[in-house]
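Visitor: Listed below are the residues making up each chain.
Number of protein chains: 2
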Amino acid sequence: MTLEEAKAFLGADLERTVARMETLLRSDIPLLDGTNRSLLTHAGKLLRPVLSLLSAGACGPRNEDSIRFAAAVELLHNATLLHDDVVDGSAERRNLPTVMSLLGGPASVLIGDFWLVKCIDCLLGADRYSETVIRLFAKTLSDLAEGEILQLQKASSCDTGEEDYFRIIYCKTASLFETACRSAALSVSAPEAHIESLARYGSRLGLAFQIRDDMLDYGDGCAIGKPTGQDLREGKITLPLLCALSEVSAEENLAIRKRVARAVDDPAEAAAVQAFVRAHEGLARAAERRDALIREAVSFLEILPDSEEKSYLASLAHFVGARNN
Amino acid sequence: MTLEEAKAFLGADLERTVARMETLLRSDIPLLDGTNRSLLTHAGKLLRPVLSLLSAGACGPRNEDSIRFAAAVELLHNATLLHDDVVDGSAERRNLPTVMSLLGGPASVLIGDFWLVKCIDCLLGADRYSETVIRLFAKTLSDLAEGEILQLQKASSCDTGEEDYFRIIYCKTASLFETACRSAALSVSAPEAHIESLARYGSRLGLAFQIRDDMLDYGDGCAIGKPTGQDLREGKITLPLLCALSEVSAEENLAIRKRVARAVDDPAEAAAVQAFVRAHEGLARAAERRDALIREAVSFLEILPDSEEKSYLASLAHFVGARNN
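From first to last, the protein sequence lines are chains P and X.
Going from the first sequence to the numbering used here is simple: count from 1 and add 6.
Going from the second sequence to the numbering used here is simple: count from 1 and add 6.
Honestly, the hints are just simulated from the structure, not real lab data.
Hints may be right or wrong, so weigh each one.
Given that identical chains are not distinguished, each listed pair holds provided it fits within a single copy or across any two copies.
[As the list claims (entries may be wrong)] Computed cross-link-like contacts, EDC-like style, restricted to lysine to aspartate or glutamate with a CA-CA straight-line distance of at most 20 angstroms:
hint: 1; residue 1: Lys145; residue 2: Asp170
hint: 2; residue 1: Lys145; residue 2: Asp127
hint: 3; residue 1: Lys51; residue 2: Glu137
hint: 4; residue 1: Lys145; residue 2: Glu28
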């Protein structure tokens, strides 16, 4: 199964989710309105609202709040992308120039703030659980900011350990996947055990998704056409390197970390670190961790009654883990 | 009366407000925790929580929610300052280097996001009116973003009219003053008429406050030691210039606006625009508008029962309007 098939299966409900975002994002300020429309037109994969709508449907018939929470998830995701582009100085996203590169960092920050407000507005309109769900989203936004700040801090000291790494990727990616699944289950008043299982499915899937993304930076699955080595240039130590480092002595570990510090300015050092990762099968070891997380994610679906949505969620886990699109 | 006197009058309640912010802003990430502590140590004037606590007290005895909403107002204010510093490229604030200049734009954006979340967390804990007040704050955050975006858009076209100007300063300053006063009145379950009057007091005071700030940029009240001409360098057309422009022909108006467009790169053009404002008494005319707004703000207090808080609110309006500190 592909993401496109899941989107086709969700059909009208996914369209209603996007339409709700469009309504919320209207503004009488031309610069803002035009930018919002352009961002919606190039909306990306919509993976998070797809996860959200499938999770709701796996627990019961989707309702207005299911649509609402799915829209809020995508609004929050895009708000943080607008801020991340400033943080990372990204000139391109989804093969298009970013708001940052077109209108500057200031506009990207402010338009991100605007999308954040619209996320809150979207949640405030919920029929039920509005406060509970605002609390979930606030926790996730806090995680997103803390994860990025921890990553900034660690990038300057090159002392990221495995525990730091998993905290960072939970905060910056998995927390939102978890909130997407949990809020969706709440929207249809799922039993507590189903809510918790879906939340765990979401968090494991999010971790696997980020590991996959970090592996792509080491050239795994180049079909995506994404440039490699970007993380090293920013001093970021990710799982493939951590797996390779776990194979060597403390001395060599320290020596490689010093190379990472120099890799920020020196492509030769970056190349040496990449060769080290290859020599110690960092990618294969990271892939094992990713696959274990995907199996774990799928196992959390067992408790749910059989449904098309449940099958799609299981397939999506495998698709996301293996994504090279 | 001075702001310091109002702070002394509020005493323990103002201390509890700051203590609540401190508790909310703790983090186990050293970079984040250290920056938050430093920002709190140099907390600035605390004008907005002072307004909030006085407004609550003018309607009834302050309670836990009064403290909570006052803290949330200051959290939101600081969050937007962290983002504004990136938007404006500001290296200094309150005579200290900004987070932006010390840690870079990315950290300033992310730490701003963190303060925003803490503002929402703070409101979620309220005993009553939590959802109503979150809605107020979300509206204000939306205003803040829209105001800044409108200002960015207008700065590039140099066609700011008086209506645009008042919309911009309502959004970027007065909306938060209004929300501070309105949420404070809600915290003590004030009668509807008192809530509305205080909200209007807040919005008029906020407009006057921003006009005063914009006048300082034309060198009015240099005691503050603030550099002048910054707005013109950014293409921002504010009330002193609009007042001067209203005195001249359509041709001269257009010619001056063209000079503003060139003033971004050319100090001689900026000086010519400043001379034009002096020649047409732009500052004196802007001062009349500001004073009328302060009188209007004070008139909205009449409906409230007499109290020390009410007297402080009236004095504060005159103090804020005339501030050269």
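Visitor: With identical chains treated as interchangeable, where does the CA-CA distance between Lys145 and Asp127 reach 20 angstroms or less: within a copy, between copies, both, or neither?
Guide: Both: 16 angstroms inside a chain and 8 angstroms across chains, each within 20 angstroms.
Visitor: Could you place Lys145 and Asp170 in one of the four classes (within, between, both, neither) given a Cα distance threshold of 20 angstroms?
Guide: within (19 angstroms within a copy, 36 angstroms between copies)
Visitor: For Lys51 vs Glu137, is the C-alpha pair at or below 20 angstroms within one copy, between two copies, both, or neither?
Guide: Result: close neither inside a copy nor across copies, 28 angstroms intra and 32 angstroms inter.
Visitor: One pair to classify: Lys145 and Glu28, alpha carbons no more than 20 angstroms apart. Within, between, both, or neither?
Guide: Result: close only across copies, 18 angstroms inter versus 25 angstroms intra.
Checked against the numbered hints given earlier, this structure breaks only hint 3.
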